[in-house]
Amino acid sequence: MTTNSLTTSQGAGRAGDKVFSGAAMAAGCLILAVLFGVALFLVVQAIPALTAPAGDIQGGNGFFAYIAPIVVGTLIAAVIALVIATPVAIGVALFISHYAPRRLASGLGYVVDLLAAIPSVVYGAWGAAFLAKEISPAYDWLATYLGWIPIFEGPASATGKTILTAGIVLSVMVLPIITSLSREIFLQTPKLHEEAALALGATRWEMIKMAVLPFGRPGIISAIMLGLGRALGETMAVALVLSSGVLTASLIQSGNQTIAAEIALNFPEASGIKVNTLIAAGLVLFVITLGVNMIARWIITRHKEFSGAN
Amino acid sequence: MSATVVRKRSALTKGQLPKFAPYIVLAAALIVGAAILALIGFNAFGWGIVSAILFAVGLVSWSGAVEGARKAKDKLATCLVVGAFLIALLPLISVIVTVLVNGIPGLITPGFLGTSMNGVTGAYDNKAVEEGAPVLGGIYHALLGTIQITLLATVISVPVGLLTSIYLVEYGNDRPLARAITFFVDVMTGIPSIVAGLFAAAFFFAIVGPGTKTGAVAAVALSVLMIPVVVRSSEEMLKIVPNELREASYALGVRKWRTITKVVIPTAISGIASGVTLAIARVIGETAPILVTAGFATTINNNVFGGWMASLPTFIYTQILNPTSPSNPAPSDQRAWGAALVLIILVMLLNLGARLIARLFAPKTGR
Amino acid sequence: MSKRIDVKDLNVYYGNFLAVEDVNINIQAKSVTAFIGPSGCGKSTFLRTLNRMHEVLPGARVEGEVLLDGDNLYGPGVDPVTVRTQVGMVFQRPNPFPTMSIRDNVLAGVKLNNKKISKGAADALVEKSLVGANLWNEVKDRLDKPGSGLSGGQQQRLCIARAIAVEPQVILMDEPCSALDPISTLAVEDLINELKDQYTVVIVTHNMQQAARVSDKTAFFNIAGTGKPGKLIEFADTTSIFNNPAQKATEDYVSGRFG
Numbered sequence: 002m003t004t005n006s007l008t009t010s011q012g013a014g015r016a017g018d019k020v021f022s023g024a025a026m027a028a029g030c031l032i033l034a035v036l037f038g039v040a041l042f043l044v045v046q047a048i049p050a051l052t053a054p055a056g057d058i059q060g061g062n063g064f065f066a067y068i069a070p071i072v073v074g075t076l077i078a079a080v081i082a083l084v085i086a087t088p089v090a091i092g093v094a095l096f097i098s099h100y101a102p103r104r105l106a107s108g109l110g111y112v113v114d115l116l117a118a119i120p121s122v123v124y125g126a127w128g129a130a131f132l133a134k135e136i137s138p139a140y141d142w143l144a145t146y147l148g149w150i151p152i153f154e155g156p157a158s159a160t161g162k163t164i165l166t167a168g169i170v171l172s173v174m175v176l177p178i179i180t181s182l183s184r185e186i187f188l189q190t191p192k193l194h195e196e197a198a199l200a201l202g203a204t205r206w207e208m209i210k211m212a213v214l215p216f217g218r219p220g221i222i223s224a225i226m227l228g229l230g231r232a233l234g235e236t237m238a239v240a241l242v243l244s245s246g247v248l249t250a251s252l253i254q255s256g257n258q259t260i261a262a263e264i265a266l267n268f269p270e271a272s273g274i275k276v277n278t279l280i281a282a283g284l285v286l287f288v289i290t291l292g293v294n295m296i297a298r299w300i301i302t303r304h305k306e307f308s309g310a311n
Numbered sequence: 002m003s004a005t006v007v008r009k010r011s012a013l014t015k016g017q018l019p020k021f022a023p024y025i026v027l028a029a030a031l032i033v034g035a036a037i038l039a040l041i042g043f044n045a046f047g048w049g050i051v052s053a054i055l056f057a058v059g060l061v062s063w064s065g066a067v068e069g070a071r072k073a074k075d076k077l078a079t080c081l082v083v084g085a086f087l088i089a090l091l092p093l094i095s096v097i098v099t100v101l102v103n104g105i106p107g108l109i110t111p112g113f114l115g116t117s118m119n120g121v122t123g124a125y126d127n128k129a130v131e132e133g134a135p136v137l138g139g140i141y142h143a144l145l146g147t148i149q150i151t152l153l154a155t156v157i158s159v160p161v162g163l164l165t166s167i168y169l170v171e172y173g174n175d176r177p178l179a180r181a182i183t184f185f186v187d188v189m190t191g192i193p194s195i196v197a198g199l200f201a202a203a204f205f206f207a208i209v210g211p212g213t214k215t216g217a218v219a220a221v222a223l224s225v226l227m228i229p230v231v232v233r234s235s236e237e238m239l240k241i242v243p244n245e246l247r248e249a250s251y252a253l254g255v256r257k258w259r260t261i262t263k264v265v266i267p268t269a270i271s272g273i274a275s276g277v278t279l280a281i282a283r284v285i286g287e288t289a290p291i292l293v294t295a296g297f298a299t300t301i302n303n304n305v306f307g308g309w310m311a312s313l314p315t316f317i318y319t320q321i322l323n324p325t326s327p328s329n330p331a332p333s334d335q336r337a338w339g340a341a342l343v344l345i346i347l348v349m350l351l352n353l354g355a356r357l358i359a360r361l362f363a364p365k366t367g368r
Numbered sequence: 010m011s012k013r014i015d016v017k018d019l020n021v022y023y024g025n026f027l028a029v030e031d032v033n034i035n036i037q038a039k040s041v042t043a044f045i046g047p048s049g050c051g052k053s054t055f056l057r058t059l060n061r062m063h064e065v066l067p068g069a070r071v072e073g074e075v076l077l078d079g080d081n082l083y084g085p086g087v088d089p090v091t092v093r094t095q096v097g098m099v100f101q102r103p104n105p106f107p108t109m110s111i112r113d114n115v116l117a118g119v120k121l122n123n124k125k126i127s128k129g130a131a132d133a134l135v136e137k138s139l140v141g142a143n144l145w146n147e148v149k150d151r152l153d154k155p156g157s158g159l160s161g162g163q164q165q166r167l168c169i170a171r172a173i174a175v176e177p178q179v180i181l182m183d184e185p186c187s188a189l190d191p192i193s194t195l196a197v198e199d200l201i202n203e204l205k206d207q208y209t210v211v212i213v214t215h216n217m218q219q220a221a222r223v224s225d226k227t228a229f230f231n232i233a234g235t236g237k238p239g240k241l242i243e244f245a246d247t248t249s250i251f252n253n254p255a256q257k258a259t260e261d262y263v264s265g266r267f268g
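Chains as they are written, first to last, in the numbering used here: chain A, 2 to 311; chain B, 2 to 368; chain C, 10 to 268.
It is worth saying that the hints were derived from the structure and are not from the lab. C-beta atoms are modelled at their ideal positions from N, C-alpha and C, and glycine is treated no differently. You may find that some hints are simply not true.
Within a straight-line C-alpha distance of at most 20 Å, the following computed SDA-like cross-link-like pairs (lysine to any residue) qualify [unchecked claim]:
1. B:Lys72 with A:Lys134
2. B:Lys74 with A:Leu201
3. B:Lys74 with A:Pro191
4. C:Lys120 with A:Phe21
5. A:Lys210 with B:Pro23
6. B:Lys240 with C:Lys17
7. C:Lys120 with A:Asp18
8. B:Lys74 with A:Leu199
9. B:Lys240 with A:Lys210
10. B:Lys240 with C:Val65
11. B:Lys74 with B:Thr110
12. A:Lys134 with B:Ile97
13. B:Lys72 with A:Glu207
14. A:Lys19 with C:Asn123
15. C:Lys17 with A:Ser6
Listed next, the stretches of chain C that the computed footprint assigns to chain A, with coverage defined by at least 3 CB atoms under 8 Å from CB atoms of chain A [said to hold, decoys possible]:
16. 70–82
17. 138–147
Using the sequences and the accompanying hints, generate a full structural model.
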């Protein structure tokens, strides 16, 4: 056996490979650790609130009596946001993908992305200072003519700082999320399907109904779910816009509260068990949004599998 | 044998609305809309809405009469889709106009960018409103805080995010760990910002002591929001580096880590930098996590690791919600809108910067 | 400075799939050897095992020996990086580094390995490599321009210059002309003829005329069917492969009856 001349190599380089790949893997593991830590620290800090005597929690009836109405308030605000944002977002996505002239399309997409770039606190300020004031006559009108429907029961808030206003502001914030995801899906519609529809003499709308929307349905659903996740967790739009209070059926009176806004409004001055209560509220919010996002991701991956991603 | 030339409408254009039909309907809708609004009190916003509805109704029914139901439905869909886009533009324009109108007076106040709120009390604000004295106080401390917190968050997030994306693209090979990381990064993008803030707060409460609120805590909270964005965008950019370049480098006897640092990353650097800039733009406007982690300061704090720290978003929030002078909130509002304008300008500059970086530093093709 | 390659009983696997079976071949130093055969017959896969580039693909592995002047590429403790500095490779599509100038592309093998080199030595190496790749006269005035600005044929010769700048013993070429037009192909073929004075050259090609033009010896690979492993059918002087092949399959292939 002669010695193999190929075994000589610079050891330093080899060590570099090990160090580098180790660092890359460590960074990935750190992310897992952080997420695990998020859950762990929230749970540890939340436990005192869950085990404390009912009388010590704000409201005096224990944690669940405290959290239930604001969970409902959170859901109301998010649902309003989605009901408004979804049709508009799908329309905008269709406009950019199938209606706007090609040359304008990417520029228009950028304009919609600008909506996502505006900080949430600015939306909150806009909602509180501009939208609430401008929209309160409409609430008066609703209370007068549609007041027999429980959600429009009067007297309407004079300031316009209601859960409906907060929901409208939220809808503006989730609009770009739903739009950009739906737009991407619409653009991926197989050209063959579209051309097949057009070759049969379909109008543009019939082509969209036959080819684009069925193809994009799972994508739209997951986009809505992601928008829902954002709407549930958004803080500023509600904290600044809503004049909060107890759970109220009417959307045009002041009242209601969301988890995120409750935390933001109270955490800075909180102490003792109140801190734990708010962290527990945060944990509830985390679990809800986690569930919503995981469903959305699950729909996306399932869709990827059967579309073949070719 | 002679062909007679007959000028007639092509059979292919029979039963169609003339090309100028939409313009006629638009003009009619605008006129009728103005007339209706004149009856109930004119305003431009209402005029636009009423005219748009009239236009849609007019065009669709005319098309239905001439072209049939299918074409009419198509026209209706077009009207709705274009209408949705115009509706989406309304809040964008409204927000920008509101911020400009309310923010410019604050921004042009002398000392707005250069002074803090140290020593500015309600008494000065009352004087400003009642006697017309200049509005005192500014955003220097908040601007400084935002820059420090965001910078620290970037310093934490970029190495972690970039290394993770390198692991996923270059070493992951679809291993269980890589798939777990991909999944949880997706999950992380959905964490509500306030929860990220609570996590950082809970973490530091447990490690350092209850009530720990500093710029660094806020930076950790922002990192939780920023890392997944950096991972996703860098991952996309590394994936589009052609495998041929990696192979070319390996074939020259270059080690994998040097291939990654000297060939793959330089090729993708413009995209990565642009993604990082967008991630910064995303977190620089975050309010909720800073609110629960850095407290409210009215003075300049140059130490990220000690003491409460102000930031632009929390400054806006507190000035609106808790005006310096509760009886005369106008000066506080003015400062808040001025700060909002500065914040929007910062975010827009970052967005623009991201596009410029992507364009300017893209690999030269030399053609 | 060139070395011979002896392959003994080599099997190549992708995971559990046997891609190339039982290859024995002796490649002379300072010669051009061509690998021909139909698509999917494993000739490119086999070529990659000669400098361990197949390891870049997950799950690829080999059994057997590849001896470079008697040293086994797959011996214990052998660093694939050292192997690749001795056995260079040129790919199907020209792939100059887009972030580097022409000059830096030529110096890539040196610079990326962080070896110190003086400016004078670097200049000399750039000129020597580009002259060696018949590209010097075309690019000497624009060495600082990006390599991706060159034509396809020039880019491919730049890649050859980059490969010879690390002073390898052997140069492997994986269909180096398949993405080039006929004139660029001619330039690269001329270059291959000159390279064999200094290097051992192994070239995979789909083009039988090209194999006939440039190579001294030719190896014919074939597969029995899809899913079956590729095999070395015949290895002989190029003239005898094309004029009187020993195997029926070779004759059918070179006469254009299949493939």
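Quick one, are Lys17 (chain C) and Ser6 (chain A) close enough, alpha carbons at most 20 Å? holds, 19 Å
Does the structure keep Lys240 (chain B) and Lys17 (chain C) at a Cα separation of 20 Å or less? violated, 37 Å
Starting from Lys240 (chain B), check that the Cα of Val65 (chain C) is at most 20 Å away, please. holds, 16 Å
Are the Cα atoms of Lys74 (chain B) and Leu201 (chain A) separated by 20 Å or less? This hinted pair holds, its Cα atoms lying about 17 Å apart.
Holds or violated: are the alpha carbons of Lys240 (chain B) and Lys210 (chain A) at most 20 Å from each other? violated, 34 Å
Straight-line alpha-carbon gap Lys74 (chain B) to Thr110 (chain B), limit 20 Å: At roughly 55 Å apart (the allowed maximum being 20 Å), Thr110 (chain B) and Lys74 (chain B) break the hint.
Does Lys72 (chain B) pair with Glu207 (chain A) here, judged by a C-alpha cut-off of 20 Å? holds, 10 Å
Outcome, coverage of the region 138–147 of chain C by chain A - at least 3 residues whose beta-carbon is closer than 8 Å to one in that chain: violated (count 0)
Would the pair Lys19 (chain A) and Asn123 (chain C) pass a check requiring their Cα atoms to be no farther apart than 20 Å? holds, 17 Å
Between the alpha carbons of Lys72 (chain B) and Lys134 (chain A), is the straight-line distance 20 Å or under? violated, 41 Å
Are the Cα atoms of Lys210 (chain A) and Pro23 (chain B) separated by 20 Å or less? violated, 24 Å
Need the status of pair Lys120 (chain C), Asp18 (chain A): alpha-carbon distance at most 20 Å? holds, 17 Å
Consistency with the previously given hints fails for numbers 1, 3, 5, 6, 9, 11 and 17, ordered from lowest to highest.
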